[in-house]
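Chemist: For the record, the sequence lines run as chains A and B.
Numbering follows my numbering, with no gaps: position 83 of the first sequence is 83.
Numbering follows my numbering, with no gaps: position 362 of the second sequence is 362.
Errors might be hidden in some of the hints.
Identical copies go unnamed one by one, so any copy, or any two together, can satisfy a pair.
Capping the alpha-carbon separation at 27 Å, the derived lysine-lysine pairs in DSS-like fashion look like this [what the hints assert, rightly or not]:
hint : residue 1 : residue 2
1    : K110      : K11
2    : K100      : K21
3    : K127      : K100
4    : K43       : K313
5    : K187      : K412
6    : K164      : K412
7    : K100      : K387
8    : K396      : K12
9    : K127      : K313
10   : K100      : K83
11   : K304      : K21
12   : K110      : K132
13   : K412      : K31
14   : K21       : K330
Simulated from the structure, these hints should not be mistaken for laboratory data.
None of the values given here were measured: they were computed from a predicted structure.
There are 2 protein chains.
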Amino acid sequence: MGLATAVFLAKKGRPVHVVEKNPQIVENLPKGSLHFHEPTLRKHLETTVKSGQLTIGLPEAAPFQDNALIFIAIDSVVQDLWKMRLSSFEQMAQWLGQRKTRHKRTVILKSTNILGFADAFRELLWKQPHGKTLSLAVNPEFLREGFAYEDTESPWRVVIGAEKPAERRALVDLYREVYPKNVPIVKTTCKEAELIKLGSNVYLSHRLAFIHELADYARQAGLDIDRVRQGIGLDERVGQGYFNPGLGFGGSCLPKDCNLINSRELDNTFEFKTAQTALEINQRLLDGLVSRLEHAVGQLQDKKIALLGAAFKADLDDTRGSQAVNLALKLAEKGAQVVVFDPFIDGAYLPGAEAIPLADTVDEACHDASAVVIGTAHSRFRRLSAKTLSGLVRNKVIVDYFRILNQPRWQKAGFTFA
Amino acid sequence: MGLATAVFLAKKGRPVHVVEKNPQIVENLPKGSLHFHEPTLRKHLETTVKSGQLTIGLPEAAPFQDNALIFIAIDSVVQDLWKMRLSSFEQMAQWLGQRKTRHKRTVILKSTNILGFADAFRELLWKQPHGKTLSLAVNPEFLREGFAYEDTESPWRVVIGAEKPAERRALVDLYREVYPKNVPIVKTTCKEAELIKLGSNVYLSHRLAFIHELADYARQAGLDIDRVRQGIGLDERVGQGYFNPGLGFGGSCLPKDCNLINSRELDNTFEFKTAQTALEINQRLLDGLVSRLEHAVGQLQDKKIALLGAAFKADLDDTRGSQAVNLALKLAEKGAQVVVFDPFIDGAYLPGAEAIPLADTVDEACHDASAVVIGTAHSRFRRLSAKTLSGLVRNKVIVDYFRILNQPRWQKAGFTFA
Chain A
1 MGLATAVFLA KKGRPVHVVE KNPQIVENLP KGSLHFHEPT LRKHLETTVK
51 SGQLTIGLPE AAPFQDNALI FIAIDSVVQD LWKMRLSSFE QMAQWLGQRK
101 TRHKRTVILK STNILGFADA FRELLWKQPH GKTLSLAVNP EFLREGFAYE
151 DTESPWRVVI GAEKPAERRA LVDLYREVYP KNVPIVKTTC KEAELIKLGS
201 NVYLSHRLAF IHELADYARQ AGLDIDRVRQ GIGLDERVGQ GYFNPGLGFG
251 GSCLPKDCNL INSRELDNTF EFKTAQTALE INQRLLDGLV SRLEHAVGQL
301 QDKKIALLGA AFKADLDDTR GSQAVNLALK LAEKGAQVVV FDPFIDGAYL
351 PGAEAIPLAD TVDEACHDAS AVVIGTAHSR FRRLSAKTLS GLVRNKVIVD
401 YFRILNQPRW QKAGFTFA
Chain B
1 MGLATAVFLA KKGRPVHVVE KNPQIVENLP KGSLHFHEPT LRKHLETTVK
51 SGQLTIGLPE AAPFQDNALI FIAIDSVVQD LWKMRLSSFE QMAQWLGQRK
101 TRHKRTVILK STNILGFADA FRELLWKQPH GKTLSLAVNP EFLREGFAYE
151 DTESPWRVVI GAEKPAERRA LVDLYREVYP KNVPIVKTTC KEAELIKLGS
201 NVYLSHRLAF IHELADYARQ AGLDIDRVRQ GIGLDERVGQ GYFNPGLGFG
251 GSCLPKDCNL INSRELDNTF EFKTAQTALE INQRLLDGLV SRLEHAVGQL
301 QDKKIALLGA AFKADLDDTR GSQAVNLALK LAEKGAQVVV FDPFIDGAYL
351 PGAEAIPLAD TVDEACHDAS AVVIGTAHSR FRRLSAKTLS GLVRNKVIVD
401 YFRILNQPRW QKAGFTFA
C-alpha cells in the first residue's frame, strides 16, 4: 500500500524517496521485484525507478527533507492479536521528531489504526524535541488486493483527517493536483477518518457475512442459493456485486478491522455488534462445514482431507486471514490429515499453519482422500476433472461452497456434495 | 398491497374482483376512499372502478371463477407476536378447496410468510375436497410504503416460487404480458421465494442497523456522523442511498421480517444472526437515547417529554413498528409524561400506545417540556422555530437523531442536543 502511493506520486512527477528497513527489499525493489502480486504496480515501479523519480533506501540513509510530506505505511497491527505495534510507532515518532524543521513537514498516517490512535500518536510526537513542528493527518487507504495501483490512481474518494485545516493543507494541495476534479476529498477529524476506514471494512464484512449466512441457511434447507441471491440482489438497494458466497470473508483487512473496531487498547468501550456478528458468522460457517464433513465421512481422526486452495481470494497467493487456512487448522484439530494444494503457493508447508503440508499437485493432495474441499475459487479449479479425481480419492465426497464445479456432472461421476 | 396488485392488473385490462371481509372497506373503496396514504394508487383505483374493470365485494358475494388467478393478500402475521394467522389460512383453504374446478385455478400467496409456510398451506389445501385441483405459487411483494402502485407497476424483479413449472405457468404468462421485457422474473421453489422476501428485508434492516450503530458510536465519541457516512458511502460497493440514521428502522415489514426469519413455528432451527443483531441495535439505540435524556435532565419520573412525530417514516401516517412509538413506551415506563404531536395522525391517543396522549399542536406538546425529541423526520419539523420553542419549554434540551435541525442555530438559542 505504501509502495502504491509512492509509485503513483512518482508517476505524477513528484520526487519520492521510499524508506524501508528490510535490506532485501531495498535491494530488490529497484530491480522491479515485488514480494506480492500487483502486476500494474510492478510495471509502473520499473518506469519510475528507471526515470529516477523514485528512489529507495534504508532509514539510516534517508535524506532529511524539509517541507516534505511523510507517509507512514508501516504494518501497524500485530496479526491475530489485533494490537497496535506501539513500539514501531514510538520509534517512528522519535525518528520524525528529533530534527528541527524550517518548513512545515506533514506526517500522514496511511496504516489502519484503532479508533483514537492518531491522537495517541500525536502525543508520542509531541514528546519529541521538535515533534510539535510536525503536522499530522490521517489518510486511510482503500485498496483492493491485486488492484493496489489502480485503486490508488482512481479512488472512489480520498479521506483526509486532521485536527485543523492547516494540518492537512499540504496534503489536500497535493491531491488536488494529482487527482482529477471528480474525485471527492472528504475532510474530517483524525478520529472520523479512522472510523471511516474501519467502518467501511466492517460494512463490507457484514455484507459478505450476510450472503454467507444466507448460503448457510440455503444449504441446510436444501435451497438453491444462486436463485435466492439473485432474487435479493436484483433489489437495487441491495445490488448483486460483492455478494458471492464461499468459505466466508478473509484477507488482511476485513477480519482485522472487524476486530480493531472493537479494540479496547485505547479508551473505547463501544461494542460494534455488526463487526462481532460478522466474525461469528464466519466462525459458524466453518464449524458447520466440519459437521457436514463428519456427517458425510464419519469421525475425521486420521482421515485424509484434501484442501484445494488456501489463499483468501481467487487467483492470488495471499493466505493472510484466509478462511481456508482457518478451516485447515480446524480440521487438523479434529485429528484429520489435511493436505493442501494451492497453485499460487510454493513450499512444503502452508504459510500460517506450519504443521500442514502442501502438495505439489491436485492429484497428490487428493490421493486416498476421504473428502475434497475447495478452499479458494481459483479459476483453474473450475476445470477439475471429476473422472480423474474419482480414480484417486477414497470417498467421493466434495465440498464446494463457492459453487465453481458443475454439480450435476460431478454427481453423475458419483460424488456427493457435503 | 393486495389492492395495488388488483388496481395494476385492472389497469392493464384484466377483469379483477376484490374479495374483502370488512363491509366498511367494501363500501368505501369504490368511492376511492383509501384508509392509507398511497396517492397514485388512489388515482388509479378511481379510474378502474369507474370503468368497471375493478369490482369489490364481500366473500359471500364472491363469484366462483373457474380458470382464475387468486391472489391471497391477507394480513398474514399477528403484529408483535410474529405468529402466522393460522386460522385465517385454514378458513381460506376451506373457502378455496370446497368447489370443484373444471379449469386449473392458481392460488398465489402474496402475503409475507415464515419459511416453509407455503408448503404447510399446501397441506391445508390438500385436506379440502377439491384442494388438489388448485395450483399454488408464492409471489412475494416488494413495495415501498407510499409507492405501492409505482413499485407494483415497475418492480426491480418479480419472484415466483412453485413446486413445479406447471404450477406457476398461468402467473408467469400473466406477468409476461403485463410487465415490460426488462423486468426479470426469478423462478424458484416456494421456500426460496419465501427466503428471498424475508432475506431482502433482513438485508435492508441490517444496512439500516449498521448506519444506526455507526451513528451511535459517532454520537458517543463526539464525531460528525454526516462526514463519516459520506466517507463510507462514497465506496461504490457501499453506496449512499438507504443510509440515513434516525431512531432506528421500523415500519410494518423490516422489524417483522427480522423476527419472522427466526420463527420457530415450523421446523426451522437456523438462527439468522444478522436479523437478531439488527433488532438488538434498534433496541440499544433507544436505551442509549433514554440514558442520554436522563443524563441531560435527570430522572425522568413525572417529567414531561415532548415527542414530535410518531410515524415510522417521514411524511406518512403509519405508526406500525415505529421506533418513535417504542421510544414513547420506554419513556412512559420510566415514569415520564410523554406527549406526542404528529401532524399526520389525528385522535386523542397514540395508535399502538393508548396511554400516551396526542397533542394538537407542536406548542401544546412542547409546553413546559423537560426535553423535546424528534420522533419522525417529517419535512415540516425542519422549519421548527428554536425561538418559539425557547419560550415554551422548561429545559432547552432537544434530541434530533435525524439531524433535520440546524444545530448551530438551535445551540445559539440556548438548546443542548442530547
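Chemist: Within a copy, between copies, both or neither: which one fits K127 and K100 at a CA-CA cutoff of 27 Å?
Modeler: within (14 Å within a copy, 89 Å between copies)
Chemist: Is it within, between, both, or neither for K127 and K313, if the alpha carbons may be no more than 27 Å apart?
Modeler: For K127 and K313, neither the intra-copy (42 Å) nor the inter-copy (51 Å) Cα distance is at most 27 Å.
Chemist: From the Cα coordinates, with 27 Å as the cut-off, is the pair K21 and K330 best called within, between, both, or neither?
Modeler: neither (35 Å within a copy, 58 Å between copies)
Chemist: First find the shortest C-alpha distance between K100 and K83 inside one copy, then the shortest across copies, and answer within, between, both or neither for a cut-off of 27 Å.
Modeler: neither (31 Å within a copy, 71 Å between copies)
Chemist: For K304 vs K21, is the C-alpha pair at or below 27 Å within one copy, between two copies, both, or neither?
Modeler: neither (42 Å within a copy, 64 Å between copies)
Chemist: Tell me, please, which holds for K412 and K31 at an alpha-carbon limit of 27 Å: within, between, both or neither?
Modeler: So K412 and K31 fail the 27 Å test inside a copy (51 Å) and across (62 Å) alike.
Chemist: Which holds for K43 with K313 at a C-alpha limit of 27 Å: within a copy, between copies, both or neither?
Modeler: Result: close within a single copy only, 22 Å intra versus 52 Å inter.
Chemist: Can you tell me if K396 and K12 fall within 27 Å by alpha carbon in one copy, between copies, both or neither?
Modeler: neither (55 Å within a copy, 54 Å between copies)
Chemist: Checking an output row: K100 and K21, CA cutoff 27 Å. Within, between, both or neither?
Modeler: within (23 Å within a copy, 85 Å between copies)
Chemist: One pair to classify: K100 and K387, alpha carbons no more than 27 Å apart. Within, between, both, or neither?
Modeler: Cα proximity of K100 and K387: none, with 71 Å in one copy and 53 Å across.
Chemist: Regarding K187 and K412, is the shortest C-alpha distance of 27 Å or less found within a copy, between copies, in both, or in neither?
Modeler: Between. Shortest inter-copy distance 25 Å satisfies the 27 Å Cα cut-off; intra-copy 58 Å does not.
Chemist: Can you tell me if K110 and K132 fall within 27 Å by alpha carbon in one copy, between copies, both or neither?
Modeler: within (20 Å within a copy, 66 Å between copies)
The structure fails to meet hints 7, 8, 9, 10, 11, 13, 14 from the earlier list, while all remaining hints are met.
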